[in-house]
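**Student:** Listed below, chain by chain, are the residues.
2 protein chains.
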Amino acid sequence: MLALAAHPLGIQVVSLDPGTLSPAAQVADAIVGAYDDEAALAVLAQVADVVTYEFENVPVDTARWLEARVPVLPPPAALEGAQDRLAEKRLFEEIELPVPAYVPVDDLDGLAGAIEDVGLPAVLKSRRLGYDGKGQAVVRSTELAEDAWRAVGAVPSLLETLVPFDRELSIVGARGRDGATAFYPLVHNEHAAGILRVSRAWEDGVTADLQRRAEDHATMLMERLGYVGVLAIELFQVGDQLLGNEFAPRVHNSGHWTIEGAETSQFEQHLRAVAGWPLGPVHPRGSAAMVNLIGTLPDAPDILRIPGAHLHTYGKQAREGRKLGHVTVVAGTPEACEAAVGEVLEALRGI
Amino acid sequence: MLALAAHPLGIQVVSLDPGTLSPAAQVADAIVGAYDDEAALAVLAQVADVVTYEFENVPVDTARWLEARVPVLPPPAALEGAQDRLAEKRLFEEIELPVPAYVPVDDLDGLAGAIEDVGLPAVLKSRRLGYDGKGQAVVRSTELAEDAWRAVGAVPSLLETLVPFDRELSIVGARGRDGATAFYPLVHNEHAAGILRVSRAWEDGVTADLQRRAEDHATMLMERLGYVGVLAIELFQVGDQLLGNEFAPRVHNSGHWTIEGAETSQFEQHLRAVAGWPLGPVHPRGSAAMVNLIGTLPDAPDILRIPGAHLHTYGKQAREGRKLGHVTVVAGTPEACEAAVGEVLEALRGI
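Going down the list, the sequences are from chains Y and B. Okay, so the first sequence: first residue is 28 according to the working numbering, each after it adds one. Okay, so the second sequence: first residue is 28 according to the working numbering, each after it adds one.
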């Protein structure tokens, strides 16, 4: 989606990906190479005016190697913070964004102590490489602690209190090279089986105060990191309180609705930011939502016949639990948008 | 732009173009081959489920050769009608769309007779290969008739009365495989030096009756041709009357505003039609306009800082008089849109 947004802006994209079947390679020039393949990285550094990433598990060493040769934005420090849940929590604490109570866990003994400190129920989360619910296990009793430890891979983790949150929100915004910022409205995210299923981008109990506080947290995080580009923070809303869950130093799934739903998409916005160009207006076009297409793609006409529905497939090979595309829904009112979301979910049932 | 629209829909594009620097080849697989290279055409016929075109001077023989092997939409008959101004005029006459008075001209003697029949001033237009004002010459006096004949290349032509039209409008719409049609609002086109410069897509003296009549003409033309895909008719408005100027059997420059300005872009609409999928909604998002970028591209930030302006570059090599891109402007009101169009034109001055 970044490459598709780049072309009309006159930005030439060269992707580096370890695989030969990457989505970007279908619409842009591509280098196939491992993230630690210095010959491949050298080619990228030579042809690029600026390097960015849209996958937060690019090794920090790779980003730093490139940074010595070509501007890398967002800065590698942001990657570093996002890759380790402990570093991430400490960043949130530094900017005074409250987080759920947590304790680092390095081994099974540590887990027993952590359960005493944090209490149950709690969630054990591996510090690294977690996504879409992977690397997480809920701990409801001390008897099942060892199962949880094995479920996350018996690796350094955090035990976090299971927050009885009202809902998950995310704030997606951008910071330009000049320090200017622009934020989309808070988005309400609904998960199924640990994977984001629906994001709704209309004001649904989101007060101006809540929006402002979310933006302030994101601004402080971006300033702390010297950030340039689009960033997302996933937040838990508990009553009127916002807790930091995690952040993504990249365009974010909960911002995919912006392609048709906002005046400037998060993809164009990210490109504007890293190119040092002015950020674009972020106001929504009506009420918008996004439904992820997971595991199997529907037949295109089944989606395209729904008014306001826009299909986005990613050119990925199908696999269970894999995000293969999404549908953006844009309508004049939240009610009409919700009705269309219902039609999309209905069309996806049983495919 | 068709290829960029195809990817999210899960449609894989393979382009065939005689040149190695085609815009489509930058974002899709490509076959480089002349239009009469049967080996190249055979590859295309083999890999494609359906073949379409976005250039009306693809030889009809090429389209017919392919049609014997794979569905070609729009049908080659539409190409044939659009490539010859005489055939085009007769199609318009068949569907009872009035046209300016004209006489076919095959040689210099014929031109003298045509001037007597049509009167002066008149326009001499070559029957084939005219675009962007090329292949046309205004004849204001019999003394200069020979100059005009040479200016159009001394080839079979039409002499057409110079219509004192109020303005040029175009109707852009689509017809699906099931015969369903959908039309964008009439667009008002302004030219500079024979090349389309600005299209405005808001109601500016366009009555519901004018819109309906334009749609009826286009529907009749599409039915007459068994048409599938997006088609545009350029019309002269003279008072309350509509005269047919020419038609394009393809996505059209005066429809480029639909990428951001309408619920479904003409590019997605064309793909939906030729794929046999349902057509999408065509309602505009606010007031929209389009400014062509001709000969030279501006610096991106000079356009991107204008609220509501969306940049589209085509990846073409710069050349005087060549359309290298366009800017779509979308705003809440015609007045705001006009102001933004003014800013875009100002930014383009002197580049």
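Hints listed in this document are in silico derivations from the structure and should not be mistaken for laboratory results. One should not assume that every hint holds.
[To be verified] Anything over 10 Å on all C-beta distances counts as not near chain Y; from chain B, calculated:
no., residue
1, Gly46
2, Ala66
3, Ala69
4, Val190
5, Thr323
6, Gly335
7, Glu370
[As the list claims (entries may be wrong)] Computed footprint of chain B on chain Y, listed as stretches where at least three residues anywhere in the stretch have a Cβ under 8 Å from a Cβ of chain B:
no., region
8, 65-76
9, 216-229
Cβ atoms here follow ideal geometry from the backbone N, Cα and C, with glycine treated the same way.
**Student:** Now, for every hint given, state plainly whether the structure supports it.
**Tutor:** Results for each hint:
no.: 1; hint: Gly46; result: holds (18 Å)
no.: 2; hint: Ala66; result: holds (25 Å)
no.: 3; hint: Ala69; result: holds (24 Å)
no.: 4; hint: Val190; result: holds (36 Å)
no.: 5; hint: Thr323; result: holds (12 Å)
no.: 6; hint: Gly335; result: violated (7 Å)
no.: 7; hint: Glu370; result: holds (13 Å)
no.: 8; hint: 65-76; result: violated (count 0)
no.: 9; hint: 216-229; result: violated (count 0)
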